[in-house]
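Participant: Sequence:
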Amino acid sequence: MNLIKGNIVKNLISTEAERIKSAFQFDPLFAVNCSIVDPIPHQVKAAYKFLMPIEEWKAKANN
Numbered sequence: 001m002n003l004i005k006g007n008i009v010k011n012l013i014s015t016e017a018e019r020i021k022s023a024f025q026f027d028p029l030f031a032v033n034c035s036i037v038d039p040i041p042h043q044v045k046a047a048y049k050f051l052m053p054i055e056e057w058k059a060k061a062n063n
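Sequential numbering of the sequence shown, starting at 1, is according to the working numbering.
If you're looking for bench data, these hints aren't it; they were derived computationally from the structure. We put the beta carbon where it would ideally sit given N, CA and C, even for glycine. Misleading hints may appear alongside valid ones.
Listed next, with one range per pair, are the computed distances between beta-carbon atoms [what the hints assert, rightly or not]:
id, residue 1, residue 2, range
1, 38, 9, 36 to 42 Å
2, 16, 39, 19 to 25 Å
3, 33, 11, 34 to 40 Å
4, 9, 62, 41 to 47 Å
5, 7, 42, 42 to 48 Å
6, 9, 37, 25 to 31 Å
7, 31, 10, 25 to 31 Å
8, 28, 62, 20 to 26 Å
9, 30, 60, 21 to 27 Å
10, 6, 49, 43 to 49 Å
11, 59, 13, 31 to 37 Å
12, 43, 6, 41 to 47 Å
Work out the full structure, taking the sequences as your base and the hints as a guide.
Facilitator: In structure tokens form, the structure reads like this:
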């Protein structure tokens, strides 16, 4: 009754890898959601509103 040919474990790992590879496109807080840390809302706001633009400015300045 098994319709999947080949190694099931390899198929599951491959599927999970593809999910992780594209997850950031759909979840703007992907890094926070996949970590083992439970951030407080003001920490998320600080990281994404204040710290991320600073990194973007540094990257533009280095180019």
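Participant: Could you check the structure against the hints above and give me the numbers of any it violates, in ascending order?
Facilitator: 1, 3
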